[in-house]
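Engineer: Here is how the chains run, residue by residue.
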Amino acid sequence: MKIEPLNEEENEILQEVINIGMGQAGASLAKLLDVFVNLSVPRVSWVSDVDFVDQVEKLVEGHGNSWAGVRQAFYNQLEGEAFAIYGANGCQQLAGLMGYTDDDEDDAEEELLLDVTNILVGACLVGVAKQIGKKLDFAAPTLVGIGKPIEDLLYRREREWDQCLLIEVNFCLEEGDFSCHLVMLMSEASIEQLRSGLIEFMESY
Amino acid sequence: MSVALLIVDDSGFSRKAMLKSIPEGWDVDITQATNGEEALAALRKGLGEVVLLDLTMPVLDGFGVLEGIRDEGLKAKVVVVSADIQPKAKLRVISLGALAFLQKPFNKESLAATLAECGVYSED
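Protein chains in written order, with my numbering: chain B, 1 to 205; chain G, 206 to 329.
Any given hint could be a false lead.
Between beta-carbon pairs, the in silico distance windows are [to be verified]:
1) B:Val60 to G:Ile299: 32 to 40 angstroms
2) G:Asn312 to B:Glu4: 26 to 34 angstroms
3) G:Val233 to B:Ala108: 50 to 58 angstroms
4) G:Cys323 to B:Lys31: 22 to 30 angstroms
5) G:Ser327 to B:Cys172: 35 to 43 angstroms
6) G:Ile299 to B:Asn89: 30 to 38 angstroms
7) G:Asp232 to B:Lys31: 37 to 45 angstroms
8) G:Met206 to B:Gly99: 53 to 61 angstroms
Quick caveat, the hints were computed from the structure, so don't treat them as lab data. Even glycine gets a Cβ: it sits at the ideal position worked out from N, Cα and C.
Make a model of the complete structure from these sequences and hints.
Structural biologist: Structure, rendered in structure tokens:
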């Protein structure tokens, strides 16, 4: 069965709900890195699971072929898999902000990517779930790879999902920009939960 | 006499939520703007005695609007309504002249309480 994607009005609510989640993510990131974070409006779009890798590749075209990816599964009323994709610049910048140098062990960079992913994915999804009154739990994030092309990072998903939500987030730090792409794959049942929650949220006003 | 109220937010949903949450019986003339440039244009026409202002917006953000109000000497009582909950963001808007900061998601009660605190609306 093919489900209906969210309509324009539902997407508008989702966009604002994600915006609020990203405000929380920005505040957590500011605290972790001890900097002021200028937030920008996250860009949100839907694609089907079948061609989501192509879509993500198009989104990041021209920004190099070296990416880091972290995967985090979520389950309960909303169920799926999230990927956070970082460009080479973003990784270096994060490491620089944390005071890491090239001589440091790779472990330190990995740990930082896991921490930042936990914050971004957590704040985004928890923010969404809380506002629309749905339950959500997380598995621990795992590193899929560093210095790889996008397709290598994204093909390693747990299973096939129905829809994919692409979220483009830019955090502008005083020391320079740091951008990241969040890719959320979700089941059909979760999209229906999302839809009903968004409608209830809208009606609460 | 009715108050010129300007609602500034890039999200259509968020503007609708603000419209629905305005205290009943508050006599206002409402203008809406979807970014900071539009907000400043409305303010120059005197359409914003009281302003509900989002921070994260395209074209010109809420910080830019507060700077514009200050630099052009426009008269406006601004309440910032934002998802940016960094303590430094709040300090920055207050130092730029905003009267209050209301965190998103808001509701009817928190909006009315914030407006009352700023003395732009009274619940009686």
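Engineer: Now tell me, hint by hint, if it's right for this structure.
Structural biologist: Hints versus structure:
1. B:Val60 to G:Ile299: 32 to 40 angstroms: At roughly 38 angstroms between Cβ atoms, Ile299 (chain G) and Val60 (chain B) fall inside 32 to 40 angstroms, so the hint holds.
2. G:Asn312 to B:Glu4: 26 to 34 angstroms: Because 30 angstroms falls inside the window, the suggested range holds.
3. G:Val233 to B:Ala108: 50 to 58 angstroms: holds, 55 angstroms
4. G:Cys323 to B:Lys31: 22 to 30 angstroms: holds, 28 angstroms
5. G:Ser327 to B:Cys172: 35 to 43 angstroms: Once the Cβ atoms are compared, 40 angstroms apart, the range 35 to 43 angstroms for Cys172 (chain B) and Ser327 (chain G) holds.
6. G:Ile299 to B:Asn89: 30 to 38 angstroms: Holds - the Cβ-Cβ distance for Ile299 (chain G) and Asn89 (chain B), about 34 angstroms, lies within 30 to 38 angstroms.
7. G:Asp232 to B:Lys31: 37 to 45 angstroms: Check passed, 42 angstroms falls within 37 to 45 angstroms.
8. G:Met206 to B:Gly99: 53 to 61 angstroms: holds, 58 angstroms
Checked against the numbered hints listed earlier, the structure breaks none of them; every hint is satisfied.
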